[in-house]
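Trainee: Sequence:
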Amino acid sequence: MNTHAPILPILIPFAAALLQMASERLAFQRAVGLLASGLLVVLTAWLTLLADDGLLRVYALGDWPAPFGIVLVVDRLAAGMTLLTAVLAFAALLYASSGFDARGRHFHPLFQLQLVGLTGAFLTGDLFNLFVFFEVMLLASYTLLAHGGGLARTRAGISYVVLNLIGSALFLIALGLLYGTLGTLNLADLAHRLTLPGHDQALARLAFALLIAVFLLKAGMLPLSFWLPHTYSAAGAPVAALFAIMTKVGIVAVLRVQAIALTPAIPDLLDTWLTTLALATVVFAALGVLAADRLRTLAAWLVLLSAGALLLAPAQASAQVDAAALFYLVQSTLAAAACFLLAGVIAERRGDAADRFRAGPLPATWLKVAFLILAATVAGLPPFAGFLGKLMLLTRLREVAAGPAIWLALLTSGFIVMIALARNGCLLIWKQETPVEPRAAAATPIAWQRATATLLLVAAGPLLAIGVRPLADYAARAASQLHAPGAYVAGVLGPTPAAIGRTEAR
Numbered sequence: 004m005n006t007h008a009p010i011l012p013i014l015i016p017f018a019a020a021l022l023q024m025a026s027e028r029l030a031f032q033r034a035v036g037l038l039a040s041g042l043l044v045v046l047t048a049w050l051t052l053l054a055d056d057g058l059l060r061v062y063a064l065g066d067w068p069a070p071f072g073i074v075l076v077v078d079r080l081a082a083g084m085t086l087l088t089a090v091l092a093f094a095a096l097l098y099a100s101s102g103f104d105a106r107g108r109h110f111h112p113l114f115q116l117q118l119v120g121l122t123g124a125f126l127t128g129d130l131f132n133l134f135v136f137f138e139v140m141l142l143a144s145y146t147l148l149a150h151g152g153g154l155a156r157t158r159a160g161i162s163y164v165v166l167n168l169i170g171s172a173l174f175l176i177a178l179g180l181l182y183g184t185l186g187t188l189n190l191a192d193l194a195h196r197l198t199l200p201g202h203d204q205a206l207a208r209l210a211f212a213l214l215i216a217v218f219l220l221k222a223g224m225l226p227l228s229f230w231l232p233h234t235y236s237a238a239g240a241p242v243a244a245l246f247a248i249m250t251k252v253g254i255v256a257v258l259r260v261q262a263i264a265l266t267p268a269i270p271d272l273l274d275t276w277l278t279t280l281a282l283a284t285v286v287f288a289a290l291g292v293l294a295a296d297r298l299r300t301l302a303a304w305l306v307l308l309s310a311g312a313l314l315l316a317p318a319q320a321s322a323q324v325d326a327a328a329l330f331y332l333v334q335s336t337l338a339a340a341a342c343f344l345l346a347g348v349i350a351e352r353r354g355d356a357a358d359r360f361r362a363g364p365l366p367a368t369w370l371k372v373a374f375l376i377l378a379a380t381v382a383g384l385p386p387f388a389g390f391l392g393k394l395m396l397l398t399r400l401r402e403v404a405a406g407p408a409i410w411l412a413l414l415t416s417g418f419i420v421m422i423a424l425a426r427n428g429c430l431l432i433w434k435q436e437t438p439v440e441p442r443a444a445a446a447t448p449i450a451w452q453r454a455t456a457t458l459l460l461v462a463a464g465p466l467l468a469i470g471v472r473p474l475a476d477y478a479a480r481a482a483s484q485l486h487a488p489g490a491y492v493a494g495v496l497g498p499t500p501a502a503i504g505r506t507e508a509r
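Heads up: the sequence shown begins at 4 in my numbering, then just goes up one per residue.
Treat the hints loosely; a few may be bogus.
To be verified - Across the chosen pairs, the derived CB separations fall in these ranges: (1) S162 / V135: 15 to 25 Å; (2) V135 / L53: 17 to 27 Å; (3) W67 / P226: 32 to 42 Å; (4) P267 / R401: 21 to 31 Å; (5) L411 / L375: 25 to 35 Å; (6) P270 / W410: 17 to 27 Å; (7) H233 / T275: 26 to 36 Å; (8) V135 / T398: 21 to 31 Å; (9) A34 / L199: 47 to 57 Å; (10) L199 / W451: 53 to 63 Å; (11) I469 / A212: 40 to 50 Å; (12) T275 / E138: 25 to 35 Å.
What the hints assert, rightly or not - Under the rule of at most 25 Å between Cα atoms (straight-line distance), these lysine to any residue pairs were calculated in the SDA-like manner: (13) K434 / A367; (14) K371 / D296; (15) K371 / T455.
Derived from the structure by calculation, the hints contain no laboratory data.
Where a beta carbon is used, it is the ideal one built from N, C-alpha and C, also for glycine.
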């Protein structure tokens, strides 16, 4: 089984989608989806433990050797990201199974197909297949965004589709330029050929610049980020929770391409401009958090803020900075997803007031406690994981050239988030409107699936703080492995470029 382990995170959701399309019975689709998602959590946890031995596991589909065939590559980073995806997907699907999935057709197959795209994007070792998995992920997300209907989702879907189609066109142009210049799209082979003379360096720089621009569009970096808050806040709660990891696909792609291909051959491509735009994204998102009028909108701005903070890492080309960024990535993704689910539950309990920041019917006590824990995590207050993640990031970025500006932006944005949550939280969970709205007074109890899924993600803040040492150590080992491009190239292509085949290398 170890031999085929790298492809299982893709095969499980794909097989589940096929089974779900064989029957339109909602109960059957729910059972298959939850079983597959639970199995995916167990499998990716096992794969993460396997990957921590430092071996690079390369799976050649059809036994065609790289760079001619399709390869999947499992290292610590890829395995950890698939595990994060699986945990997030299980919580989102559990929430959706309480009735959200019944608001439209084909929710469950599309959900599983989006998992195919997400896990495939993290595991692939080939840029063309990264494009393929991007498209699978995006095609499923288009329909999931519109699930449940409504004018707001239709409007958000139009802008989301148009921008991503533009991004897909640029992706293909970049791939064409790379193949025409270097004769390959395998990432390891690209890294090797970039170090050899004889290619058009200017054209290669242009191709990689276009590629990075596409990844930054997916990540939501300013000025390519205006679509993100509107789109994420319009989506249903479980869909938005899963979307929280979609920006991380672009960020991880930038980290991987930068560490493996760009740092050895084109180290100045990202230089200072990426830091400048990342800081601008942080400031822009912080202002959006301050102006948010409802919890789901605030959560969408938090996704953008975390993307801006994470994009400070690839500009530094440092394993230490990337290690801190990976820990921050995990906790910020889970916290943002928890915000979306909590907003959905609170909106259900407050009647017409929904999750808007205004006086209304008071939510249940456990929702108040969950909000306070989540707010402390998001604002970066000790002792929760948000504080530890931001502290790691600030510590590692202290010595870089733009260190003072980075500290100012991150600390100021954290202060703004804390003010916004304190001000709006008082309205959301403490200030009661009188008389109480009849619809809220007659509200039915919250489904156990929604409560369990929400509490699962809210609990991540305290749990990650308790387990900070092993997670931080794993992130450090993942970053160190990422910044060993020679080992990656040897693992995929063989000990020498001529020795091509499926292999395992440390």
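Trainee: None of the hints should be skipped; say for each whether it holds.
Mentor: Hint check results:
no., hint, verdict
1, S162 / V135: 15 to 25 Å, "holds (24 Å)"
2, V135 / L53: 17 to 27 Å, "holds (25 Å)"
3, W67 / P226: 32 to 42 Å, "holds (41 Å)"
4, P267 / R401: 21 to 31 Å, "holds (26 Å)"
5, L411 / L375: 25 to 35 Å, "holds (28 Å)"
6, P270 / W410: 17 to 27 Å, "holds (25 Å)"
7, H233 / T275: 26 to 36 Å, "holds (30 Å)"
8, V135 / T398: 21 to 31 Å, "violated (38 Å)"
9, A34 / L199: 47 to 57 Å, "holds (53 Å)"
10, L199 / W451: 53 to 63 Å, "holds (60 Å)"
11, I469 / A212: 40 to 50 Å, "holds (42 Å)"
12, T275 / E138: 25 to 35 Å, "holds (32 Å)"
13, K434 / A367, "holds (13 Å)"
14, K371 / D296, "holds (18 Å)"
15, K371 / T455, "holds (15 Å)"
Against the hints set out earlier in the document, a violation occurs for number 8 only.
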